[in-house]
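Peer 1: Please construct the entire structure, taking both the sequences and the accompanying hints into account.
These protein sequences, in sequence, are chains A and B.
Letter by letter, the first sequence follows residues 1 to 317 of this note's numbering.
Letter by letter, the second sequence follows residues 1001 to 1334 of this note's numbering.
I should point out that these hints are in silico values taken from the structure, not numbers from a laboratory.
Remember, it's a predicted structure, so these values are computed and weren't measured experimentally.
The C-beta atom is built at its ideal place from N, Cα and C for all residues, glycine as well.
Where hints are given, some of them may not hold.
Unchecked claim - Computed beta-carbon distance windows for the label pairs:
#1 B:F1206 / A:G259: 51 to 61 angstroms
#2 B:N1158 / A:D260: 19 to 29 angstroms
#3 B:K1133 / A:Q112: 48 to 58 angstroms
#4 B:Y1155 / A:Q112: 31 to 41 angstroms
#5 A:A74 / B:T1179: 25 to 35 angstroms
#6 A:E54 / B:G1144: 28 to 38 angstroms
#7 A:R237 / B:G1144: 39 to 49 angstroms
#8 A:G113 / B:I1323: 46 to 56 angstroms
#9 B:Q1100 / A:K254: 15 to 25 angstroms
#10 A:K254 / B:K1182: 30 to 40 angstroms
What the hints assert, rightly or not - Stretch by stretch, here's where chain B covers chain A in the computed footprint (C-beta under 8 angstroms, at least three residues):
#11 35-46
#12 185-196
#13 199-207
#14 225-236
Residues per chain are reported as follows:
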Amino acid sequence: MRRTIVALTILCLALLLIGSAAVAQDKVKIGVSIPSATHGWTGGVNYWARVTQERLQATYPNLEIILVTAGSAAEQANTLEDLYAIHNIDALVILPFESDPLTDPVDMLKQQGVFITVVDRGLTRAGIEDIYVAGDNPGMGRVSAEYMVEALGGKGDIVILRGIPTVIDNQRFDAFMEVIAETEINVLDWQYAYWNRDDGFEVMQDFLARFPKIDAVWAQDDDIALGVIEAVKQAGREEELFIVGGAGMKEMIKRVMDGDRLIPVDVLYPPNMIATAMEVTALRYVSNAAILGHYILDATLVTPENAHLYYFPDSPF
Amino acid sequence: MNQEAATGWAKVKELGSRISWQDVGPLIAVFALMVLGTAINPTFLSMGNLTNVFTRSAFTGIIAIGATFVIGTGSIDLSVGSMAAFNSGVMIIFMNYLVQHWGATWATVTAAMALSLLLGAAGGLVNGLVITKGRIESFIVTLGTMGIFRSLVTYLANGGTLSLNLPVRGLYRPVYYGTFLKIPIPLIIFCLVAMVGAVLMYKTRFGRYVLAIGSSYHVAHYSAINVNRIRVLTYILQGICVAIATIIYVPRLGSASGTTGYGWELEAIAAVIIGGTAMKGGTAKILGTVAGAIIFSIIGNILNLSDAISQYLNGAVQGLIIIGAVLVQRTSKE
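Peer 2: Okay, here's the thing in structure tokens:
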């Protein structure tokens, strides 16, 4: 009996916690739906979404921003229903978990008259979103490759550590290979390192054991790059090669800023693109600026000269 | 029921006497994989590569030693990977805090190690108590704590990554990268944990009780074994193993995030089962578990050393080798 009561109390508390988010007021409501912070980059997205939420609400009293996170595509579809049914949102800013499963749920809101801003991952049907904000994935591959060609003088042996097998990863990789194909740069091998440090470390250890001479590493992502750095240090081969990561993690930007020989540059794929999307969406309700369209953010090459512009020590990423 | 229990006790006696010839099976599988690795790329046998492979197996290996006890009783612990991540996170935060008072000294590092062991034991105690006192399946309880520990580390890291203070890292680094008599320290710790595990399992009353519970819960209960106490103890032991793995993991990359230790629980459980321990409990092969962990590490290494196979098929090859390795050891018994 007592066990049942305790169990029921816990269940009720959990429900209360979820329910307390719903407060109705007479303002323009913008729902923001993002993946929960499960790794570095989405951690950055969460941080920037919160910072921007506070800034917008403080600056424009007529705006209410409702921020929800989801741990999976299915959960995100549910939060969309709640955003509309409970909060009655006027606009939605969404960074979809996956493109396919979220296309219909977003379209449903569109048909109810909700203004739609899609971030990073596009929906599979065109014409649903009013605004699209994204980083430049092929651009990331291209910019990285162009830097490598220049730094290596058009020839040398490199290894590549890829992310998780996805469309994004393929776009980066294909664009990189396209640039490399016209040069004498030889890709010794590539492996997936799943966008995390431990796999980056282990894959790089094996590459170092296998290849006596490596001129450069394209790690494609800053988390992978951090693992690669440790493996290279362990093998004592820091003088032999350099590493190009990507995303814009503060630790890596700091290294570039400090002129680290191992990390000469970084290529941006900024998590604060969520801030861009939220700000632009808010403009619709507070100004007469023309805002509809596609915004593709540059895959900027971060060098020691411009690194200070992209260094945010307060961000978790 | 009785017959089952009787064979269970017979097995216990047999195991108590000596490490039997059956334990050699997994070692044969390891040897076969090493031959395969060398055939694919002679670099495999280089001192540097072998050191990497064995050292990497230490994390899941140490955790798997603890898992051998939990699985020996017929239970399971799914929370170990998340617990390792949470433990790493707390260790890093604690050291970053202590360094302001004690500086980058061994006192700071030692205190963090002690905290890790304490946390591990406490985490195991919670798992064990909820399972036994709450009378809930271990699968469900540890599935729950797996999610809890994982979110806690994500919360502590604010969704990002926790990084260890640089001077402390410099000091702590040798615990992963250092060697003693040319043997990497993680490997020495792995061997010690395995030896202690073997003694506990085969030479103590605790070990015999673990296997008795795994053979038949009810018979063990009616034989006046305090079943709950032993089960809680296995979870505490598992937690301590996780803490030891964490202590050698943190100096490797000096960071912890939501992805730390992701999937370690499956690797640890697989290492135990590949090593010949039965999923339903009642038998336990410590040496087999060690071999199982090494097998896992070798497979990953072989895949990275070869470009004969499309990288897109890595998962499939991994699956085939695991099944093959178990087949090799099963047939070698006969």
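Peer 1: Compare the structure with the hints numbered earlier in the document and write down the numbers of the violated ones, lowest to highest.
Peer 2: 5
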